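K.L.:
Place chain B on chain A using the hints.
Listed below are the residues making up each chain.
Number of protein chains: 2
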Amino acid sequence: MSEPEAEFDRDIALDETEPGSYAADLRPGWVVGDGVNGGYLLATLAHAVRRSAAHGDPLAISAHYLSTSRPGPATLETRCLREGRTLSTFAADLSQGGEPRITALATFGDLDVLPDDVETTAPEPDLPPRDRCFGIDQAPEDFRRTAPPLLHRYQLLFDPATIGWAVGKPSGRPLIQGWFRLNDDREPDPLALLLAVDALPPATFELGRPGWAPTLELTAHVRARPAPGWLRLRHETRNLAGGMFEEDCEVWDSVGRLVAQSRQLARQPRPIVTGDPPQPRG
Amino acid sequence: MSEPEAEFDRDIALDETEPGSYAADLRPGWVVGDGVNGGYLLATLAHAVRRSAAHGDPLAISAHYLSTSRPGPATLETRCLREGRTLSTFAADLSQGGEPRITALATFGDLDVLPDDVETTAPEPDLPPRDRCFGIDQAPEDFRRTAPPLLHRYQLLFDPATIGWAVGKPSGRPLIQGWFRLNDDREPDPLALLLAVDALPPATFELGRPGWAPTLELTAHVRARPAPGWLRLRHETRNLAGGMFEEDCEVWDSVGRLVAQSRQLARQPRPIVTGDPPQPRG
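Just so you know, the sequences run in chain order A and B.
One gets my numbering by counting positions in the first sequence from 1 and adding 11 to each.
One gets my numbering by counting positions in the second sequence from 1 and adding 11 to each.
Next comes chain A alone, as it looks inside the complex (with noise of 0.2 Å):
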């Protein structure tokens, strides 16, 4: 197999070691906070299900995240539950070093035979064009100097009515949304829906609460093949409480259809702590 071209490609790779088993490294240029990205992991984990599925595109696929996840290698099995004409159902899991690290349910389709009828309520981002968007090299060098290395996997213009958070000044509303491109323009598809999900800071941010959170569950759907180009993202929450609050993120493509849902529950915020040992989930 020639190396492939573009990073999210090459830092999802899969060894299969036996039948349904895979060996991952996960890359360290997706760490943020104290461990690796969830949306990172729940695309190589459909990686692993769509190697092994007779079905190609992930339709639904729910993760329960048991502890943080390391850079280094991993270790992914799946099993199939079902397999039908149009759906296959996988479990699927990834540990290190023999600790389980995420488990997953993951339904499999073919999102080209879908009925083609759609009537999306929702309405598209209301997004500035991209020259009126701020990039991470746009932010205050603070910022920039302590930005995780997931940050830098692609490029981010993030609305500027939702980005006060990165000077001190969070609107108090809990969205954020902005532009969303792969690096080495590496065209979305249904794998990187699913880190797209994932990929903005919490919303949690615009209430004034910074920090990461840690994924307990996240549900992902993909609901049509994106179009090539630039996504944008939605990002908000609407009940925090707890301890702990939902997040939904919706992925529109460039012709403006509403390509994939996804709702995690995270822990609130926790300061960043650069070194902090890691933190068992339970």
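Not one of these hints is a red herring.
Pairs count within a copy or across copies, as identical chains cannot be separated in the list.
Derived lysine to any residue pairs resembling SDA-like cross-links, with alpha carbons at most 20 Å apart:
(1) Lys180 / Glu130
(2) Lys180 / Glu247
(3) Lys180 / Thr157
(4) Lys180 / Asp153
(5) Lys180 / Ile147
(6) Lys180 / Ala158
(7) Lys180 / Gly146
(8) Lys180 / Thr132
(9) Lys180 / Gly222
(10) Lys180 / Arg220
I should point out that these hints are in silico values taken from the structure, not numbers from a laboratory.
On a predicted model such as this, the values are computed, not experimentally measured, just so you know.
P.N.:
Chain B in isolation, oriented as in the chain A frame:
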């Protein structure tokens, strides 16, 4: 064990057959469309996990529905994936006659030890008082005659603004909301919330698309222990496309707290045809 008093408790009862394995009898009263209601199944699965786990409350449960469940005996298997100090994650499977019906991942904890901060920005459902809402007893004769058994398991008082579908005049806005209370005045608890999130008719009814919609995937978050009394349910979809739609449900308790949130991915409704043979999913 003495017979539990309320219908809901009787109908989700389990017999442990060996450690972590349970026998259930899915009751015909919970049938809707051509199978057993997904929320009833979710509550039954969570009941099995609660019996197995060190923690008593479902915080996040993700279920993928593999084939249509029928009234009658079912086998439930639970498997601990990780048990920590504050959280336990289990896999749980429900099968009938060796055929897998549902597979789920569930993270349990203890709602009573969560911090008591609440910063909810979601608006409470704007519902008229119960005496100005409509129950199934007041529905047109045609509707009552064909109403599925499920709708007799609880009192559901619909907001008149979201019930156009019942009289052939759907509003065109994919939202249905109402008051909810289990039979026998059984007070809500976390297991009942898992039923409540799938208790309303599909929001697609209000788009003029009648018929019950088979769930592919449903994830529910229980965010607080509900206060006694009536619940308010709000059910809506934003993205009907590709033959599927997502559906979000919010459950609010009698003291105005958002106690559960769910999202499901369902197939677009098929017309209800009584006596149809079971439809395999794939």
